[in-house]
Amino acid sequence: MSSRPANILPGFGLSFGYASLYMSLLVLIPLAGLGLKTSNLSWDQFRNTITNPHVMAAYKLSFSAALAAALLNGVFGTVIAWTLVRYRFPGRKFFDAIIDLPFAMPTAVAGLTFGDLYGYVPLLARTADAQPWTFEIYGLYGLDVRDWCRVTVMLTFVGLPYVIRSIQPILQDWDMETEQAAMSLGAGPATIMRRLIAPEIWPAWISGVALAFARGVGEYGSIIFIASNIPGLSQIAPQLILDRIYDPIDPEKKIAAATAIAVVMLIVSLIVLLLLNGLDYLSRRHRA
Amino acid sequence: MKKNIRTLLVSAVSALTLGSSLFAQTKLLNVSYDPTRELYEEINQAFAADYQAKHGQKPELQQSHGGSSKQARSVIDGLSADVVTLALGADITAIEKAGLIDAGWQAELPFNSSPYTSTIVFLVRKGNPKGVSGWADLIKPDIKVITPNPKTSGGARWNFLAAWGYAAGVAGRDLGDSAQLEAAVKAGKDATAFPVETNAAAREFVTKLFKNVPVLDTGARGSTVTFAQKNVGDVLITWENEAYLALAEYGKDKFEIVNPSVSILAEPPVAIVDKNVDSKGTRAVAEAYLKWLYTPEAQDIIGANYYRPRDTAALKKHAGNLPPIKLFTIDEVFGGWGRAQGAFFSEGGVFDQIYKTNQ
Numbered sequence: 001m002s003s004r005p006a007n008i009l010p011g012f013g014l015s016f017g018y019a020s021l022y023m024s025l026l027v028l029i030p031l032a033g034l035g036l037k038t039s040n041l042s043w044d045q046f047r048n049t050i051t052n053p054h055v056m057a058a059y060k061l062s063f064s065a066a067l068a069a070a071l072l073n074g075v076f077g078t079v080i081a082w083t084l085v086r087y088r089f090p091g092r093k094f095f096d097a098i099i100d101l102p103f104a105m106p107t108a109v110a111g112l113t114f115g116d117l118y119g120y121v122p123l124l125a126r127t128a129d130a131q132p133w134t135f136e137i138y139g140l141y142g143l144d145v146r147d148w149c150r151v152t153v154m155l156t157f158v159g160l161p162y163v164i165r166s167i168q169p170i171l172q173d174w175d176m177e178t179e180q181a182a183m184s185l186g187a188g189p190a191t192i193m194r195r196l197i198a199p200e201i202w203p204a205w206i207s208g209v210a211l212a213f214a215r216g217v218g219e220y221g222s223i224i225f226i227a228s229n230i231p232g233l234s235q236i237a238p239q240l241i242l243d244r245i246y247d248p249i250d251p252e253k254k255i256a257a258a259t260a261i262a263v264v265m266l267i268v269s270l271i272v273l274l275l276l277n278g279l280d281y282l283s284r285r286h287r288a
Numbered sequence: 289m290k291k292n293i294r295t296l297l298v299s300a301v302s303a304l305t306l307g308s309s310l311f312a313q314t315k316l317l318n319v320s321y322d323p324t325r326e327l328y329e330e331i332n333q334a335f336a337a338d339y340q341a342k343h344g345q346k347p348e349l350q351q352s353h354g355g356s357s358k359q360a361r362s363v364i365d366g367l368s369a370d371v372v373t374l375a376l377g378a379d380i381t382a383i384e385k386a387g388l389i390d391a392g393w394q395a396e397l398p399f400n401s402s403p404y405t406s407t408i409v410f411l412v413r414k415g416n417p418k419g420v421s422g423w424a425d426l427i428k429p430d431i432k433v434i435t436p437n438p439k440t441s442g443g444a445r446w447n448f449l450a451a452w453g454y455a456a457g458v459a460g461r462d463l464g465d466s467a468q469l470e471a472a473v474k475a476g477k478d479a480t481a482f483p484v485e486t487n488a489a490a491r492e493f494v495t496k497l498f499k500n501v502p503v504l505d506t507g508a509r510g511s512t513v514t515f516a517q518k519n520v521g522d523v524l525i526t527w528e529n530e531a532y533l534a535l536a537e538y539g540k541d542k543f544e545i546v547n548p549s550v551s552i553l554a555e556p557p558v559a560i561v562d563k564n565v566d567s568k569g570t571r572a573v574a575e576a577y578l579k580w581l582y583t584p585e586a587q588d589i590i591g592a593n594y595y596r597p598r599d600t601a602a603l604k605k606h607a608g609n610l611p612p613i614k615l616f617t618i619d620e621v622f623g624g625w626g627r628a629q630g631a632f633f634s635e636g637g638v639f640d641q642i643y644k645t646n647q
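Order-wise, the sequence lines are chains V and B. Quick note: the first sequence uses this note's numbering, first residue 1, plus one each step. Quick note: the second sequence uses this note's numbering, first residue 289, plus one each step.
Take the hints with a grain of salt, since some may be wrong.
[Said to hold, decoys possible] Here are the simulated BS3-like cross-link-like pairs (lysine-lysine), alpha carbons at most 27 Å apart as the crow flies:
id, chain 1, residue 1, chain 2, residue 2
1, V, Lys-253, B, Lys-644
2, V, Lys-254, B, Lys-346
3, B, Lys-542, V, Lys-37
4, B, Lys-496, V, Lys-60
5, V, Lys-253, B, Lys-563
6, B, Lys-499, V, Lys-37
7, V, Lys-254, B, Lys-563
8, V, Lys-254, V, Lys-60
9, B, Lys-614, B, Lys-474
10, V, Lys-60, B, Lys-358
11, B, Lys-499, B, Lys-542
[As the list claims (entries may be wrong)] Using C-beta positions, here's what the derived DEER-type ranges look like:
id, chain 1, residue 1, chain 2, residue 2, range
12, B, His-343, V, Phe-94, 57 to 63 Å
13, V, Leu-273, B, Ala-572, 52 to 58 Å
14, B, Thr-583, V, Leu-101, 35 to 41 Å
15, V, Ser-42, B, Gly-419, 34 to 40 Å
16, V, Phe-76, B, Thr-495, 41 to 47 Å
17, B, Glu-329, V, Leu-9, 57 to 63 Å
18, B, Asn-609, V, Lys-93, 54 to 60 Å
19, B, Thr-583, V, Val-145, 52 to 58 Å
20, V, Met-105, B, Ser-421, 40 to 46 Å
21, B, Gln-517, V, Asp-175, 51 to 57 Å
22, V, Gly-221, B, Ala-386, 24 to 30 Å
No lab work stands behind these hints, which were simulated from the structure alone. Every value quoted in this text rests on a predicted model; they were computed, and no experiment measured them. Idealized CB from N, CA, C, for every residue including glycine.
Looking at chain B on its own, in the form it has when it is part of the complex (with noise of 0.2 Å):
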């Protein structure tokens, strides 16, 4: 009796793990940040379908959304995300760091395993009552800022460098050129001095700023909903996509979107959570939905939803919403995300220091 009952449970054990094996491997979680809500929404009904055509089986995808780095924490601690789509590369890097991705996971894609890229724009009130042109009205005494908390949200850090990129007198590029985009690629790869983080007009620009920041709070949508719903500040400084969102969402009829003068190349990155795929058995798939992400079909559905296509193609058909602006990356400026986030955003950064002056 005893021993039948052992037999049973093993024979259902073997036949649930069998059974996950065969039916389950076409079941991916992908694990993102704020914004890319919608996109992978569209994303992954658009990949299911392609790939149902091509292998005869119809994968199951899931999406979680929410800040950048606490997803990735959420992945660290367990969370099994097949594949990561984060805000930007410090963040995956901090995964590698804890043994679930193999390194060298950036070298793995194309263009920095960063299948689209976008910016930082200002949405501000329509009409724009306050005048705002570019980044030097930010700082002035009558304007209210609203940012999310770089210590919580990817895109505030974006945001925070874009502005001290700037203020430092960073000239940019035109990165829809693929020509300029190579030479900045190349400078990245060449610069070993990085000047402008220690440059103080950059510290004192970026500080009178951060004075005008009435509100921080803990990701992009939530200064959306505080700018948008609220009504407090008059100017957001946000992802491009996630401005458009606003202007969809809220109505063309109650803002608008100012492109500064110079703003930053945000790429953010996406990887294959190699530790989770293996034990899961899912690699093959999440290395197709990955890839899958570089072909014409996905880039635009990309530009479709503000988000800025690697592929020229797809770029030029949207550039009546994705005008060029003159951008820079952070390889070349701030040396990449391992030293930006330790310089300015780790405990006791140049952010912390910011609010030490300011009392």
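Chain V extracted, bound-state conformation (with noise of 0.2 Å):
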């Protein structure tokens, strides 16, 4: 491909040489690891582990409170961009700056805080109620809805700065002639809303979402401060992982275990991530 005259920049070979060894030792290598640690099972003991209730109930609350948090962050995330960039008020640089923060904190102190700063509010405080009160949804079946706000609501402070990021600098090179064309040609807010910005910014904003969910699949840190963390009702994926992990009796099995279901975890992501990244694939579509 070096050889293509189409290409004026040399040098292809150099940096897709880098590349993919930088790939290969950060993501592809430990990836296969995941992979041939779990082939230690056998095929009904892999079953087993990813169907045991206690874990069926961590996807289902990791998953939902993720795929909700996301989406929280989709429609709020929007509101923040737009405000920070279409208007002038004081503090903006301020406000601007603190978005990246959830990206520097460690999340202990997030949950930790988190968890003094709501103890108050009744649906997010870690109550001392020991009764649960279980979501009758199927799909959310048997979760405990207080924890699976109090996740919610941890991973929507994780995933914040994901959407803004995202759609900001899109909204920054907006060419304002283009909206003032619109509206000289009769189009209402409304329609230079639907027609000319959403589009615009809707693969960014597709790629924000996406990034914030699998964001929060994987957080730990802050979550165990913030949920009860009770089996079968309020527990995240990540905690089942670790308990395999630290599980002494016959340890090669469980860390096998463990990784089975990391392994279920990554399909899963990667499906919805596919599923996202599709959804924007259709819409270039319809609109080309």
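Fit the two chains together into the complex; they arrive one by one in their own frames, and the hints show the way.
So, in structure tokens, the structure goes:
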């Protein structure tokens, strides 16, 4: 490919070499290791591990809360990005700067702070109520309502920057004249939003939501401080992975079980990410 | 030129390794569990002074704390601990199985390699508003109990087994008395059947108990924070020393300790990590360190930190804080840690089953 005359800048060989080495060392080889460890289990053992009721409940909690948090961030992240780009108000620069805070803050600290701060909000307090209040909705059936809310709020915090930082540059580079032209042609604010701005930020929005979701699925440090961590009711999947890693009886098999839980998380995350990207692809084809 | 560089490199490397074997051989890392932070700070200081007086060299002591099982895992994964002082034998056995500790470690030092013991007591709010006087109160419907998750916390496993033993009707003995301790040790060695493990009343009791637990933290310290700082729950089941520490830290006007009628003798063991001390050349100082834990001076520090000393004189001296409680051992009732871990806390064990029937 480097010999193709269309390539103006030289150096494809070198840069591709670096890129693939980097990806292999950091992503592909560890992933292969994960698969290898899991393959220590027979198919039946694998199925028993991942269909264990506590594991299933943890999957439900981890994925549903991460998705809900990502969508919440999708809505409010858009509003925040819009406010920051379109309006001038005192303290704007400050607001803009603190959005990245969730990236920098150790999540355990965030979990403790949230626990203290919202300990008085009925739905968010890690309460003294020992009797679980469970969902009756299919899909979330059996999970604790309050813990689900707590985990979702925590994951919303953790995923906050992604949507904002994804769509902010697009809004910033937005050419106001396009909008003015549309207005002069008689388009109202709703039409401008729907026909001009939304299609423009949509791909970035999707990728922001996807990133926030992926981040939420793997979060551990803050959640164990804010959820009640009761098996089958309010445990997240990463905690069950750790339970198995720390199990001293038959450690080889337990670590294989831990990786099995992780592999399923990876596969489901991958499917969700593909679906989100597929949504983007469909909308592009639709417009083309 | 090339050769020169190589010589230089070789000499640099050999200087480094030589240097480390000359000077770093008294640098010790003690990997321990959560609540021993304060204890080992004091022990390390006293030991360093003592060792310097005897050998003219001041050892450099480092400590690391965390959930017991997590710490064991870290050592297996390469944390170069010279000695481990963990919450329970099962965690050290896990390191042994990974090939880092030689078999038979538990017989190397007196008292099953446990220089101190502890037990499980209750911490309640000042004035004991819910009138908690013993285990039986913990399953009343209006009581909320705080205990950590036995999957990740060593302390939580002791809590669980103490409750189980009580409910199965195990009598316990006064183990501060050496004759009774010997009898208990003998009973542990002779025991061949462990009917308590499948006791139906115990299972029902513990199931009810965990229905009253609103939050399962991952470690003993986490549960203390939940109970003391966040004001969740009526009773905290915890290590005796952790309960006293909470009194000291949060104020005696806020909490009080309730001693149950019977509890378990927790024997947190210590061991040398053979592979690490041999490669680092620290075996001598590591052995001196662990042996020193049995000296009267160390035993006094242990008592002052609310652990139960093995030394009867030290135990008597601190008896005001460490009143006699009827205790049973894990060996005589549950057949030791290997067996208890598999039956109760491993994947699919009793703890997992309890939460299955809860739903």
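| query | Given a hinted range of 35 to 41 Å, is it respected by the beta-carbon distance of B/Thr-583 and V/Leu-101? | reply | Violated - the Cβ-Cβ distance for B/Thr-583 and V/Leu-101, about 51 Å, lies outside 35 to 41 Å.
| task | Look at the Cβ atoms of V/Phe-76 and B/Thr-495 and judge whether their distance stays inside 41 to 47 Å. | result | holds (43 Å)
| said: Just to be sure I understand the hint, the distance between the Cβ atoms of B/Glu-329 and V/Leu-9 should be within 57 to 63 Å; is that true here? | reply: holds (60 Å)
| request: Using the beta carbons of V/Leu-273 and B/Ala-572, state whether their distance is inside 52 to 58 Å or not. | output: Given about 56 Å between the Cβ atoms, the range holds.
| field | Beta-carbon spacing of B/Asn-609 to V/Lys-93 - inside the hinted bounds 54 to 60 Å or not | value | Between B/Asn-609 and V/Lys-93, where Cβ atoms are some 57 Å apart, the hint holds.
| query | Regarding the pair B/Lys-496 and V/Lys-60, is the alpha-carbon distance no greater than 27 Å? | reply | Measuring from Cα to Cα gives roughly 26 Å; hence the hint holds.
| Assessment of proposed distance window 40 to 46 Å (beta carbons of V/Met-105, B/Ser-421) | With Cβ atoms ~44 Å apart, the hint holds.
| message | Checking one constraint from the list: CA of V/Lys-254 to CA of B/Lys-346, max 27 Å. Satisfied? | response | Violated - the C-alpha atoms of B/Lys-346 and V/Lys-254 are around 42 Å apart, more than 27 Å.
| Is the distance from the Cβ of V/Gly-221 to the Cβ of B/Ala-386 consistent with 24 to 30 Å? | At 26 Å between Cβs, range holds.
| request: Take the C-alpha atoms of V/Lys-253 and B/Lys-563, compute the straight-line distance between them, and say whether it is at most 27 Å. | output: OK: V/Lys-253 and B/Lys-563 at ~24 Å, within 27 Å.
| query | Measuring from beta carbon to beta carbon, are B/Thr-583 and V/Val-145 in 52 to 58 Å? | reply | The hint (52 to 58 Å, Cβ to Cβ) holds, given that B/Thr-583 and V/Val-145 are roughly 56 Å apart.
| field | Pair hint V/Lys-254 and B/Lys-563, alpha-carbon separation not exceeding 27 Å | value | Within the cut-off at roughly 24 Å; holds.
In the structure shown, a violation is registered for the earlier hints numbered 2, 3, 6, 14 and 15, in ascending order.
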